[in-house]
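Chemist: Chains as they are written, first to last, in this note's numbering: chain A, 1 to 454; chain B, 1001 to 1305.
Bear in mind the hints are in silico, worked out from the structure with no lab data behind them.
You may find that some hints are simply not true.
[To be verified] Dumping the calculated DSSO-like pairs for lysine-lysine here, alpha-carbon to alpha-carbon at most 30 Å:
1. 342(A) x 157(A)
2. 79(A) x 132(A)
3. 132(A) x 157(A)
4. 1298(B) x 79(A)
5. 1298(B) x 428(A)
6. 132(A) x 428(A)
[Unchecked claim] With beta-carbon atoms standing in for the labels, derived distance ranges:
7. 1115(B) x 270(A): 51 to 61 Å
8. 1025(B) x 280(A): 51 to 61 Å
9. 79(A) x 1025(B): 44 to 54 Å
10. 193(A) x 1118(B): 56 to 66 Å
11. 258(A) x 1139(B): 53 to 63 Å
12. 193(A) x 1125(B): 19 to 29 Å
13. 258(A) x 1089(B): 49 to 59 Å
[Stated by the list, open to error] Reference listing, derived: stretches of chain A covered by chain B, where coverage requires no fewer than 3 residues with Cβ under 8 Å from a Cβ of chain B:
14. 115-127
15. 194-200
16. 253-263
17. 395-404
Here the structure is a predicted model, which means the values were calculated and not measured.
All C-beta atoms in this analysis are idealised placements derived from N, C-alpha and C, irrespective of residue type, glycine included.
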Amino acid sequence: MKYSPHPLLTSTVALILLGLGWQGCSAGKPKGQAPVVLEYWEKWTGFEREAMARLVDEFNSSQNRIFVRFLSVSRIDQKMMLATAGGVPPDVVGLWDVNLPSYAENNALLPLDRLAREAGLREKDYLPVFWKLCHYRGHQWALPSTPSVVALHWNKKMFREAGLDPERPPRTLAELESFNEKITRKNSDGSLAQIGHMPQEPGWWMPDFPSWFGGASWDGGPHLLLDSPSNRAFFQWLQSYPARFGGSELFKLRGGFGTFASPDNPFFQGKVAMILQGVWMDNFIRQYAPEGFSYGVAPFPESTPHPEAPLTIAQTDILVIPTGTRHPREAMEFISFVQQQKHMESLCMAQRKLSPLAKVSDDFYRRHPHPYLREFQRLSQSPRAQPTLCLPTMREYSNDLIIYSNLVLLGRMNGEQARREMAARQQKSLTAKLDRWERVSAVRTAVWDQELRP
Amino acid sequence: MTRKEKRSTLQGLLFIAPWMVGFLALNLYPFCASVWFSLCDYSVLSQQVYLGIRNFQNLIHDPVFWKALTNTLLFAAVSIPLSTIVSIGLAVLLNQPAGAQGFFRTLFFLPCLVPAISLAILWQWMLNGQMGLVNMALRPGLDFLNNLFGCTLRAPDWLNDPSWALWGLVLTGLWGTGQAMVIYLAGLQEIPAELYEAATLDGTSAWQRFLHVTLPMLSPVIFFNVLMGLIGALQTFAVPYILTGGGDGPGRSLLFLATYIYQNAFDFWNMGYASALALVLFLMIAILTLTAVHFGEKKVHYEGR
């Protein structure tokens, strides 16, 4: 039988295609003169995405030469890498600070030194720690969008129930562990019902943890410092957990924890009393914690406290311009718009974060809904506020640290053995990456210098 | 060649042209490029630097590669025989003349329609050490044994304990046996009833009929399913990747070769090393498949031959 397409089917397909074509032509395009259209990819979803979408709309309506098309993209780091390799990168991308070293070394980013200078963006306008996070190998690669610092969050009700003063957080790591013992409760079968603190909840800052033991994990050059006393102390500290609480019990308790952004978050549920978290936590508490939930914020305790200059780890979401973009100047114009105090504050307030700028308006403090904003802002201004660890081998390093720390916490590996194995593996990996950099550094630096020439 | 033959050949070539273009662009070229990348240091965004066989030398000294390889082979060695036994057993049961046959066949096949990602998320909860359904089902039995023998058996923490994680994944794999079961069912229905009648007249038991009639007659189907299962098991990626939240599982117990390739290519920026790993995986699949074909052919009974 000869096949002939059904007229109804043909017309339906034609209509759909026409509709899609119409959509494709009209979606998000401005009216009037043809402006330069910038593609802006961002990792945020939900209320964080909405906050930036409002700022993008404000930018689009503030002038008619540039139109920013805003797209929320999952696994943005990988997609940007592939789009750049394919020669069709977006014009602006919102990445994480830890992406910077590997992306810069692999020629995925445009150095922004000259463009930022021309746009009037100066170091003195930013808090030093956030400015530093945008630099690598002597060049500027990014500008901050929304930053954060981390602090101890504690559940006051659980403190009260354990007979502790709910207004008095632990000040040293030894005190943290003594509070931990007091708060932890076991069920009749020996399983854990609740715990004061566990390093793997949420465990997002494991690579930075040795800092609270008084030292760093990288010398910024060719050597990892996993043999340092602070790293040894960190692994010993991890090892103390299965000895005190039982490795499998820790993981079984954790297995019952719900999703972070939900009412089942173990902190809201009263399963974990003390956690290390960022400034954004207040927003999730407002959304998901039970009514009357009361918490406090203080610097995370160190082995040796420095009350006058508390330690914190700083991070920032960043805006970058990929290599090969067609409109770098227009992209910088948009980034500069975001950097203006008024816009930066509205973005950070909508995302419940602090400002990366050196100057903060009274209005920002007054209108910001975070009850502990000043504490976070104070931490970010501390001389001991330090950038999160950003290695060229960050993904491998984090991956290994999760595996080894979990083995130690499970009681399956000795802390010292885990530290030694990890040090050997990761030093080898870093050396290989630095060798690669040595091979291309002359060419790369020449290209960057050319980019920076006026 | 006559004009008609030429025209016919041209038409044939035109018809296969889209496939050929697809094959050349999406299979052959990436394969050749991958062979070249495996000899280079390559991070996707920078120029390849020729290293010779250094990636392969590194691979030999990489304990994570050996761990991933061991996990992959162990998973294949356990999951293929187990799923084969379960799916043949189910097919034989569902081939019996009984009421609601269609309903049960559909019931056992239904899980295959669940996408791998949803399946993995579902099993994440099923295998939860504290409140998972699997452990809830195990606990009464373990309590009974503990009371009876005075021992302290406890339900495993499937996804957090390095000793149990791989077995948890094997359990997850059994969820998809419905697909093989349907193929076995079709194979069982092709076995001539006369063979069973003749065997019954000879006084054989049901087990003997299964061993000497069913299995030999089903052998081409078993061979096909085992071969496909082998290739699939060696390429395992999605379910363990989701089960572990994109990680390697406790103590790397759920790290498979395919995951390690993905990590090196897209997370660690080591496309050259990832290509070397991919080449090793390709050769391993090719050798194991050829070996299986070589030895399997002798054991397979084809009715038509």
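Chemist: Could you run down the list of hints and mark each one as holding or not?
Modeler: Results for each hint:
| no. | hint | verdict |
| --- | --- | --- |
| 1 | 342(A) x 157(A) | violated, 38 Å |
| 2 | 79(A) x 132(A) | holds, 26 Å |
| 3 | 132(A) x 157(A) | violated, 38 Å |
| 4 | 1298(B) x 79(A) | violated, 48 Å |
| 5 | 1298(B) x 428(A) | violated, 48 Å |
| 6 | 132(A) x 428(A) | holds, 27 Å |
| 7 | 1115(B) x 270(A): 51 to 61 Å | violated, 36 Å |
| 8 | 1025(B) x 280(A): 51 to 61 Å | violated, 45 Å |
| 9 | 79(A) x 1025(B): 44 to 54 Å | violated, 21 Å |
| 10 | 193(A) x 1118(B): 56 to 66 Å | violated, 32 Å |
| 11 | 258(A) x 1139(B): 53 to 63 Å | violated, 21 Å |
| 12 | 193(A) x 1125(B): 19 to 29 Å | holds, 21 Å |
| 13 | 258(A) x 1089(B): 49 to 59 Å | violated, 38 Å |
| 14 | 115-127 | violated (count 0) |
| 15 | 194-200 | violated (count 0) |
| 16 | 253-263 | holds (count 4) |
| 17 | 395-404 | holds (count 5) |
Going through the hint list in order, the structure does not satisfy hints 1, 3, 4, 5, 7, 8, 9, 10, 11, 13, 14 and 15.
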